[in-house]
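In case you want the letters, here they are:
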Amino acid sequence: MGAAVMEHYFYELAALLDRSMAAGEVYTCTLDAEVSDFVRMNHGKVRQSGTVTQQYLRLHLIRGRKHAEHCCTVSGDLVRDRDLVKASLSTLRDTVSDLPDDPHLNYATDVESSRIVKNSALPASEQVVTEVLDAARGLDLVGIYAAGPVYRGFANSLGQRNWHEVASFNLQWSLYHRDDKAVKTAYGGFAWVAADFAAKMLGARDRLSLLAQPARSLEPGSYRAYLTPSAMEEIAGMLCWGGFSGRALATRQSCLFRMKDGTAELDRSVSFAENTADGVAPAFQDEGFARPGSVPLVEEGRLVGSLVSPRTAKEFDLATNGANASEMPDSLDMAAGELRTSDALAALDTGLFIGNLWYLNFSDRPACRVTGMTRFASFWVDKGKIVAPVNVMRFDDSMFRVLGDRLAGLTSERDLVVNGETYRSRSVRSMRLPGAVVSEMAFTL
Amino acid sequence: MVENLRLDFRRLNCPADFWSLRVVDERADCYSVRKNVPQPPSQSVDRGAMLTAHAGGGSGYAATSDLSRDGLQRALDRAADWARASAPRSLIDFRTLPAPAPHGEYASPDADSTRWSRRDWYELLSEESRTAGCDSRIVDWEASVESRTAEHVYLTSAGGEVVQRYRFVMPNLSVTAHAGGDTQIRTLNGYRGLAQQGGESMLERFDFVGSGRRVAHEALQLLRAPNCPGGTMDVLLLPDQMVLQIHESIGHPLELDRILGDERNFAGTSFVTLDMFGTYRYGSDLLNVTFDPTRPEELASYGFDDDGARAEKAHVIRNGILERPLGGAISQARARVAGVANSRADNWNRPPIDRMANLNLEPGDSSLESMISGIERGVLMATNSSWSIDDSRNKFQFGCEWGQLIENGRLTTVVKNPNYRGISANFWRSLARVGNESTVKVLGTPYCGKGEPSQVIRVGHASPACVFTAVDVFGGDS
Chain A
17 MGAAVMEHYF YELAALLDRS MAAGEVYTCT LDAEVSDFVR MNHGKVRQSG
67 TVTQQYLRLH LIRGRKHAEH CCTVSGDLVR DRDLVKASLS TLRDTVSDLP
117 DDPHLNYATD VESSRIVKNS ALPASEQVVT EVLDAARGLD LVGIYAAGPV
167 YRGFANSLGQ RNWHEVASFN LQWSLYHRDD KAVKTAYGGF AWVAADFAAK
217 MLGARDRLSL LAQPARSLEP GSYRAYLTPS AMEEIAGMLC WGGFSGRALA
267 TRQSCLFRMK DGTAELDRSV SFAENTADGV APAFQDEGFA RPGSVPLVEE
317 GRLVGSLVSP RTAKEFDLAT NGANASEMPD SLDMAAGELR TSDALAALDT
367 GLFIGNLWYL NFSDRPACRV TGMTRFASFW VDKGKIVAPV NVMRFDDSMF
417 RVLGDRLAGL TSERDLVVNG ETYRSRSVRS MRLPGAVVSE MAFTL
Chain B
2 MVENLRLDFR RLNCPADFWS LRVVDERADC YSVRKNVPQP PSQSVDRGAM
52 LTAHAGGGSG YAATSDLSRD GLQRALDRAA DWARASAPRS LIDFRTLPAP
102 APHGEYASPD ADSTRWSRRD WYELLSEESR TAGCDSRIVD WEASVESRTA
152 EHVYLTSAGG EVVQRYRFVM PNLSVTAHAG GDTQIRTLNG YRGLAQQGGE
202 SMLERFDFVG SGRRVAHEAL QLLRAPNCPG GTMDVLLLPD QMVLQIHESI
252 GHPLELDRIL GDERNFAGTS FVTLDMFGTY RYGSDLLNVT FDPTRPEELA
302 SYGFDDDGAR AEKAHVIRNG ILERPLGGAI SQARARVAGV ANSRADNWNR
352 PPIDRMANLN LEPGDSSLES MISGIERGVL MATNSSWSID DSRNKFQFGC
402 EWGQLIENGR LTTVVKNPNY RGISANFWRS LARVGNESTV KVLGTPYCGK
452 GEPSQVIRVG HASPACVFTA VDVFGGDS
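Which chain is which? The protein sequence lines are A and B, in order.
Okay, so the first sequence: first residue is 17 according to my numbering, each after it adds one.
Okay, so the second sequence: first residue is 2 according to my numbering, each after it adds one.
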């Protein structure tokens, strides 16, 4: 299905719903759709290749303060989907009839329609994969290429229409030296530029050569460390796991609730915001509320805001700021520091250069204590020079320390890290993050 | 559904060596009562098809939610295009693999029995919510359930036809207590840890009725409890922690596609290598682990995997010695080792990969009382709350919701934030006691993540309680 065809289909479907509403009924609906090519590679060859065309329609029927939702796959052809939509509506009417009133029902009643289409032409995925595998000839490459359009639509019976359509690609690949020693690289965007890819592949090859030296095993203890933006993505991801959620903060389940209570803070150089304006996620949410361009979350080390979904707003008497039900940032922005990335190794001096972190989890959530592993290209640095790759190490430390009194500097350049997750659908999340030098980080195993 | 699909499949045209159709039709009803407020119900119908084609030595797939005959034909054409395009650079020569032609059916227990009504569920969940919210220090609580049915149909150009019908009930209960700057969360066997095939009779097996008050009481106990002490000591892991230990440090490292390198860019590799099968001592003599898709109530039981292989029980570790990996027919052909039928996809829109399915630790002969009485200094740990392991599945650190000291053979003080760390390659060799059948619980999780593109799939684990010696134990900072 072509891009314009998908938008037209969605609006026709919304018109059908408009005509189907009975007196006293309101609907909201969302369409999550994509046409994605996925090519999985291993040992420099193709392991699996295919295309996924999926369309999920989520219909929400409201009568007074009673409501329910029904989600179904649709074909994208309204002639065939008409009966499905009617059946979905019928199921919802039956369900809503015997429900109690919901005190936390909250949906947008101010109409704010919008349309964003970034539909650049991408090269055929078969052609890209040939280019990638040619560039990796002689190397042990493993990874995935995902590409194609992603669609998000919102409509309601008040006449609001929102459309967000982006065609993008995301290549994530690792070059392996041996065992678990590898360099991981990502190249994503809206237009494939062969020269940009070639430069990234060249950089990966250069770093791969550093892994040829004998690996060093570190004893447990505290080490000075530099965390690249990719490693910082994992740490920021932990803070996003309920940390900024209005509901989790109100119920003291957030890892940052002590910041709300004023008993913990981060370094003054740390600021976070949900920066929808510069992200790749839609500027509207599932109940139809528009998202502000930016929502400050942490400023100069202090918690100043949270992400509040419409439901949480009702429950805790707060104002919603367009968060979805998960209340996780979709476009997290961490403020830059003053350290030039080119000076990061010198600033680290002697310690651990951490290219990537892996499999983080809370070891004590109220204390914001997190454990996780180093992964991929991580090196021991001596007097500003990389001297050896290091075998994987486990850290276990509080982020109130790592991003607090142990934070020695943030880089002035930041990376836009486009989330490559493909669980159920291709992610539209991203983060903009600096690297960080930490004076001391606890490693345990 | 099956008859129509059979007719449509016969009319598909494809100039390929082999092609198949896999249709998944999964329906879910989700109910929840949070802080005594019934949440709006959510229902879903997730229905689609994956067409796979092998041509010229390559393989391709195309998934679609358009199940019309034209929609299926378009998807098959696209799959065949991919097969031809990938053939010159395919990691596997698919011409060397046999064309699956399986025949059979599978049905979960109670697949056809009457399901509870919405009203029945709300009444139960409301009552558990009411009793959970029993104290001002309880700041959040929720009782919920996912009730699911699924039908999977697999048809192949070699004449194969498999129909499998599933039913799942997955209740959840969670209570959050807060006081004095600390928060403790207690759940019933972990988040969605109560997950089985079959109908509502599972609620009795897990004493779900009355769990609201019980779990709330335990959350309040944790709020008053000291931190778990640190040191090297014995640990007694109850089944709702054992399942995580098995999953992360036996299940994933034995997945054959990891060993073959497919997952190295995402989920990781494995410390296990192909030469270890048949000789490697994975654990003590007491360690017996089976791949068992035949236990009716277990979450990932089935008759055939998603590449059409018939599923049968097999030992993967016997008396501590590693016997076979968890790999389906394609991985077995690549590695030239015997595996199991575990090539599985999480839905119609993802291709099959090696998954652990049901992976169980076989019971031993120790009663819970004898395991406790045999420990001079140790900690009982229950209900996983934190999991982290390296990309080779070796260095791990796990945390639990609930701890209780064992001193001189007796359970004593309740402790909070119990954590332990270790290395898979050594840890299972410290397995000192394995609980008998009376200590076994059949649990699982619907949230096992893996794959590129990523998939989250249901896996089952049955385990007794077990004792491990000389474990590095520690508590939290709070």
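Some hints here could point you the wrong way.
Just so you have them, the derived chain B footprint on chain A, three or more residues with Cβ under 8 Å [to be verified]:
#1 58–68
#2 242–256
#3 294–307
#4 340–349
Cβ-Cβ distance ranges computed for the label pairs, FRET-style [as the list claims (entries may be wrong)]:
#5 B/Lys-36 - A/Glu-28: 53 to 63 Å
#6 A/Lys-61 - B/His-218: 51 to 61 Å
#7 A/Ala-207 - B/Arg-225: 58 to 68 Å
#8 A/Ala-293 - B/Arg-311: 33 to 43 Å
#9 A/Leu-218 - B/Ala-108: 29 to 39 Å
#10 A/Glu-429 - B/Gly-375: 57 to 67 Å
#11 A/Arg-153 - B/Arg-337: 21 to 31 Å
#12 B/His-218 - A/Asn-135: 21 to 31 Å
#13 B/Arg-282 - A/Glu-429: 42 to 52 Å
#14 B/Gly-450 - A/Asp-421: 28 to 38 Å
#15 B/Gly-450 - A/Arg-153: 29 to 39 Å
#16 A/Ser-358 - B/Ser-137: 49 to 59 Å
#17 A/Glu-28 - B/Asp-478: 55 to 65 Å
#18 A/Leu-218 - B/Ala-339: 39 to 49 Å
Think of the hints as simulated: they come from the structure by calculation, not from any bench.
Backbone N, C-alpha and C fix where the C-beta goes; we use that ideal spot for every residue, glycine too.
Quick rundown of the hints versus the structure:
1. Restraint check on the segment 58–68 of chain A versus chain B: 10 residues with Cβ-Cβ distances below 8 Å, three needed, restraint holds.
2. Closer than 8 Å: that is the beta-carbon criterion, and the segment 242–256 of chain A has 0 residues meeting it against chain B, so the requirement of 3 is violated.
3. With 0 residues having a Cβ less than 8 Å from any Cβ of chain B, the segment 294–307 of chain A misses the three-residue criterion, and the hint is violated.
4. With 0 residues carrying a beta carbon less than 8 Å from a beta carbon of chain B, the segment 340–349 of chain A misses the three-residue requirement, and the given coverage is violated.
5. Remark: the range hint 53 to 63 Å for B/Lys-36 to A/Glu-28 is contradicted by a beta-carbon distance near 40 Å.
6. Distance hint for A/Lys-61 and B/His-218: a CB-CB separation of about 57 Å, consistent with the stated range 51 to 61 Å.
7. Checked against the hint of 58 to 68 Å, the pair A/Ala-207 and B/Arg-225 passes, with Cβ atoms roughly 59 Å apart.
8. In this structure the supplied range 33 to 43 Å is violated for A/Ala-293 paired with B/Arg-311, their Cβ-Cβ distance being about 55 Å.
9. The supplied range of 29 to 39 Å is broken by A/Leu-218 and B/Ala-108, whose beta-carbon atoms lie about 56 Å from each other.
10. The hinted range of 57 to 67 Å is satisfied by A/Glu-429 and B/Gly-375, whose Cβ atoms lie roughly 58 Å apart.
11. About 27 Å separates the C-beta atoms of A/Arg-153 and B/Arg-337, a value consistent with the hinted range of 21 to 31 Å.
12. About 57 Å separates the C-beta atoms of B/His-218 and A/Asn-135, a value inconsistent with the hinted range of 21 to 31 Å.
13. Taking 42 to 52 Å as the suggested C-beta distance range, the pair B/Arg-282 and A/Glu-429 conforms, at roughly 50 Å.
14. As the Cβ distance of B/Gly-450 to A/Asp-421 is approximately 35 Å, the hint placing it in 28 to 38 Å holds.
15. Look at B/Gly-450 against A/Arg-153: about 32 Å separates their beta carbons, and that is inside 29 to 39 Å.
16. Distance hint for A/Ser-358 and B/Ser-137: a CB-CB separation of about 55 Å, consistent with the stated range 49 to 59 Å.
17. Checked against the hint of 55 to 65 Å, the pair A/Glu-28 and B/Asp-478 passes, with Cβ atoms roughly 57 Å apart.
18. The beta-carbon spacing between A/Leu-218 and B/Ala-339, approximately 43 Å, falls within the hinted interval of 39 to 49 Å.
When the structure is compared with the earlier hints, violations turn up for hints 2, 3, 4, 5, 8, 9, 12 and for no others.
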